[in-house]
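Asker: Chains as they are written, first to last, in our numbering: chain A, -19 to 94; chain B, 245 to 356.
Honestly, the hints are just simulated from the structure, not real lab data. We put the beta carbon where it would ideally sit given N, CA and C, even for glycine. Hints may be right or wrong, so weigh each one.
Listed below are the simulated DSSO-like cross-link pairs for lysine-lysine, each with C-alpha atoms no more than 30 Å apart in a straight line [as the list claims (entries may be wrong)]:
#  : chain 1 : residue 1 : chain 2 : residue 2
1  : B       : 348       : B       : 312
2  : A       : 51        : B       : 286
3  : A       : -6        : A       : 37
4  : A       : 37        : B       : 302
5  : A       : -6        : B       : 286
6  : B       : 286       : A       : 37
7  : B       : 302       : B       : 348
8  : B       : 315       : B       : 281
9  : B       : 281       : A       : -11
10 : B       : 312       : A       : 37
11 : A       : -11       : A       : 37
12 : B       : 281       : A       : 51
13 : A       : -6        : B       : 348
14 : B       : 266       : B       : 302
15 : B       : 281       : B       : 266
16 : B       : 315       : A       : 37
17 : A       : -11       : B       : 348
18 : A       : -11       : A       : 51
19 : B       : 286       : A       : -11
20 : B       : 348       : A       : 37
21 : B       : 266       : A       : 37
22 : B       : 315       : B       : 266
23 : B       : 286       : B       : 301
Residues from chain B that keep clear of chain A, each with C-beta distances beyond 12 Å, as calculated [said to hold, decoys possible]:
#  : residue
24 : 246
25 : 253
26 : 257
27 : 266
28 : 272
29 : 307
30 : 309
31 : 312
32 : 313
33 : 315
34 : 318
35 : 325
36 : 327
37 : 329
38 : 344
39 : 354
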Amino acid sequence: NAGVTQTPKFQVLKTGQSMTLQCAQDMNHNSMYWYRQDPGMGLRLIYYSASEGTTDKGEVPNGYNVSRLNKREFSLRLESAAPSQTSVYFCASSRQGTGKNIQYFGAGTRLSVL
Amino acid sequence: GENVEQHPSTLSVQEGDSAVIKCTYSDSASNYFPWYKQELGKRPQLIIDIRSNVGEKKDQRIAVTLNKTAKHFSLHITETQPEDSAVYFCAASRQAGTALIFGKGTTLSVSS
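All chains, full assembly: derive it from the sequences and hints.
Answerer: Printed below as a string of structure tokens:
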């Protein structure tokens, strides 16, 4: 039982390049999330998927797209990377129906855009 | 939308002292308030949470209090230890399956 797995762990891109961050969970959770973490800014929600087949914008969605491929997988795509997207990206998942929203995080992806 | 403010941004205490971190939220419909701890280079992990039908919750040396009327909640750590040094985040959400909105974090340093 691996929990939430993110790939890659590290990535360096040039401005204008594209890439997809992968996230998979094996906890049978309904909901999945993408956050970015920047110094002094906390964790800011990019996109989330409350259930398979749905996605919604968060606080900072510009420059990103997401795909909920199936119940396990939720990917984040940068179509044309910019230096402002240099950040640590965390994927998380949670289970509905408990009255709580306990989110379990992946180990993160450190992205540098030059 | 929801907005969560967290104070202070940094907090330094001596080992054995207590530490208090405070958060306010804007959406009166929020009903779930977790606290996450993030050690350097690691992922955030839940340490305690509280729902809006409860005023206080304790787990060993940590406790959380909630004042729904004033829309604020606080984390209390007693008898702090060096391993409590980390960044702490508060968050709020309306219901399970909806997004958490996080505060900007508090860097706690416990010196021995």
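Asker: Now, for every hint given, state plainly whether the structure supports it.
Answerer: Going down the list of hints, with the structure as the test:
{"no.": "1", "hint": "348(B) - 312(B)", "in the structure": "holds (21 Å)"}
{"no.": "2", "hint": "51(A) - 286(B)", "in the structure": "holds (25 Å)"}
{"no.": "3", "hint": "-6(A) - 37(A)", "in the structure": "holds (26 Å)"}
{"no.": "4", "hint": "37(A) - 302(B)", "in the structure": "violated (34 Å)"}
{"no.": "5", "hint": "-6(A) - 286(B)", "in the structure": "holds (26 Å)"}
{"no.": "6", "hint": "286(B) - 37(A)", "in the structure": "holds (26 Å)"}
{"no.": "7", "hint": "302(B) - 348(B)", "in the structure": "holds (23 Å)"}
{"no.": "8", "hint": "315(B) - 281(B)", "in the structure": "holds (22 Å)"}
{"no.": "9", "hint": "281(B) - -11(A)", "in the structure": "holds (20 Å)"}
{"no.": "10", "hint": "312(B) - 37(A)", "in the structure": "holds (27 Å)"}
{"no.": "11", "hint": "-11(A) - 37(A)", "in the structure": "holds (24 Å)"}
{"no.": "12", "hint": "281(B) - 51(A)", "in the structure": "holds (27 Å)"}
{"no.": "13", "hint": "-6(A) - 348(B)", "in the structure": "holds (29 Å)"}
{"no.": "14", "hint": "266(B) - 302(B)", "in the structure": "holds (16 Å)"}
{"no.": "15", "hint": "281(B) - 266(B)", "in the structure": "holds (14 Å)"}
{"no.": "16", "hint": "315(B) - 37(A)", "in the structure": "holds (25 Å)"}
{"no.": "17", "hint": "-11(A) - 348(B)", "in the structure": "holds (23 Å)"}
{"no.": "18", "hint": "-11(A) - 51(A)", "in the structure": "holds (22 Å)"}
{"no.": "19", "hint": "286(B) - -11(A)", "in the structure": "holds (12 Å)"}
{"no.": "20", "hint": "348(B) - 37(A)", "in the structure": "holds (19 Å)"}
{"no.": "21", "hint": "266(B) - 37(A)", "in the structure": "holds (27 Å)"}
{"no.": "22", "hint": "315(B) - 266(B)", "in the structure": "holds (11 Å)"}
{"no.": "23", "hint": "286(B) - 301(B)", "in the structure": "holds (26 Å)"}
{"no.": "24", "hint": "246", "in the structure": "violated (10 Å)"}
{"no.": "25", "hint": "253", "in the structure": "violated (7 Å)"}
{"no.": "26", "hint": "257", "in the structure": "holds (21 Å)"}
{"no.": "27", "hint": "266", "in the structure": "holds (15 Å)"}
{"no.": "28", "hint": "272", "in the structure": "holds (17 Å)"}
{"no.": "29", "hint": "307", "in the structure": "holds (18 Å)"}
{"no.": "30", "hint": "309", "in the structure": "holds (18 Å)"}
{"no.": "31", "hint": "312", "in the structure": "holds (16 Å)"}
{"no.": "32", "hint": "313", "in the structure": "holds (21 Å)"}
{"no.": "33", "hint": "315", "in the structure": "holds (18 Å)"}
{"no.": "34", "hint": "318", "in the structure": "holds (17 Å)"}
{"no.": "35", "hint": "325", "in the structure": "holds (23 Å)"}
{"no.": "36", "hint": "327", "in the structure": "holds (20 Å)"}
{"no.": "37", "hint": "329", "in the structure": "holds (17 Å)"}
{"no.": "38", "hint": "344", "in the structure": "violated (6 Å)"}
{"no.": "39", "hint": "354", "in the structure": "holds (21 Å)"}
Violated hints, in rising order: 4, 24, 25, 38; the structure is consistent with all others.
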